[in-house]
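Novice: Let the hints inform the model, and build the full structure from the sequences given.
The primary structure of each chain is shown beneath.
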Amino acid sequence: MSRLEVDAAAGPLEAPDECRSVAFGVQFASPFELHGLTPIENDRADGAPTRLRVVSQEELRAASADEGERTVERRLASGRVALTIDRHKDWGYRLWWMRAGHYLVQPDGLEVLCALPRVGVGRWQRYLVAQVLPLASALRGFEIIHGSAVSFGDQAVAFVAPSGMGKTTLAAHLVLAGASFLTDDALALEIRADEVWAHSGAGIVNVDASDERLLAQESVRRLGRVVGRSDKAHVAVALERRALPLKAVYFLERGANVPTPRVETVWPPDPRLLLASAFLSHLDSAERLQNQLRVCAALSFTAAMHRLRAPATTGADELAELVSRHVSLSVGEPAA
Amino acid sequence: MTNPDNAILDARLRVPQQVVYRPFAAETVVLNLETGQYHGLNPSGGRMLEVLDQSSTVREAAVRLADEFGVAQEEIERDLVEFCADLIERRLIEVRGLESA
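Those protein sequences? They're chains A and B, same order as listed. Count along the first sequence from 1, then add 3; that gives the number in the working numbering. Count along the second sequence from 1, then add 8; that gives the number in the working numbering.
Just so you know, these hints were derived from the structure itself, not from any lab. For clarity, every value in this text was computed on a predicted model and none was experimentally measured. Built from N, CA and C at the ideal position, the CB exists for glycine as well. A couple of the hints might just be wrong.
Simulated DEER-style distance windows between Cβ atoms [claimed, not checked]:
1) B:E90 / A:R244: 49 to 57 Å
2) B:N14 / A:S284: 39 to 47 Å
3) B:N14 / A:P271: 35 to 43 Å
4) B:A93 / A:R78: 40 to 48 Å
5) B:R20 / A:L79: 52 to 60 Å
6) B:P24 / A:R297: 15 to 23 Å
7) A:M101 / B:R20: 53 to 61 Å
Specialist: Set out below in structure tokens:
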């Protein structure tokens, strides 16, 4: 993996006071800025924040001394372990990613201990924001699905697909076309008054090398500011700050056996598609599964479901144009 | 009806704590939290489960459903007996007071 380079203009690691920010429906209080999150005033009364504390590895190990259950272990091609997640009913969830640090998330999601690595800020920030914070949000009662999302006017639209299918690029093109960005990979949902509401994640779009070529340099500049590079370009984008009702879910299928890209409405709504869109599949507690069932059931009534099917050769710009037209006709908001 | 069928009709049943269900737009999804298995019920089956869950006995549920579906009670009773047998096999309901035939 290439050396991570961090744009010095991305900001200091430590701010003088506690930083308050919000993402995935949760307010976070941290001793450092969280990249891409929406900062808020300290006196905003939105419930207790999830607190992040920087600790040593020894302190984190002591706090999770009892043996836990390994729920996730991923290895490199060499066989070396690159990522682990362990859980225990008392100490919660312990996450480790190679060169991105150790994190301990309490069972109720109200505290996260961070044993940070001695590497560039960008790498561990990326893992913290993309994996650890969504877990804290899920433990606090939000349902997290694996998808990107944008908003058109006052309504949110989500794109669900496995990794590598182009959710991010599609969302980026829609932002270039005038939609507002909600999230890149993890979408936090909650039920409010019989509707399912979507919360913004982090305002960072991770564009891989081929995506960046598709987007072209000028487009990347229009999208936002490059704040870091790894195997991807990490672009800070303007974020939709409001939680919005989720009115449509598109299930993206690239390489589909269709001659031209098309949108096919899924009716009746297929529960399996929704239930299979979970972001944190290792989180299988009774509470989480019940919440997931509750939110997905509500979505089947309140959001339109569509398959967005396209040959592998379809460009993201063409897909974005198709989605914009479809949204303007079905969701009712004019596409820019 | 056979004696085993009558036994089911007079049995008290409950949806155990580890079984949860939610109506989706076109089907009801039932989840057994212990096994992690999901089951799908068509709209009629979903409604049957809901009424069974709210009733003291299967026969009581049959009375309600016959009125709701506008069919003869005997017909609903036959359907419910078969439905309950399926749910019991899938460990989605527990029946009390059911003597072995």
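Novice: It remains to establish, for every hint, whether it holds in the given structure.
Specialist: The hints, checked one at a time:
1. Range check, E90 of chain B to R244 of chain A: about 54 Å between beta-carbon atoms, so the 49 to 57 Å window is met.
2. At roughly 45 Å, the beta carbons of N14 of chain B and S284 of chain A sit within the given window of 39 to 47 Å.
3. For the pair N14 of chain B and P271 of chain A, the supplied restraint of 35 to 43 Å holds, since their beta-carbon distance comes to about 37 Å.
4. As the Cβ distance of A93 of chain B to R78 of chain A is approximately 46 Å, the hint placing it in 40 to 48 Å holds.
5. Separation of R20 of chain B from L79 of chain A is about 56 Å and conforms to the stated range, judged on CB atoms against 52 to 60 Å.
6. Our hint of 15 to 23 Å for P24 of chain B and R297 of chain A holds, since their Cβ atoms are close to 18 Å apart.
7. The supplied range of 53 to 61 Å is met by M101 of chain A and R20 of chain B, whose beta-carbon atoms lie about 56 Å from each other.
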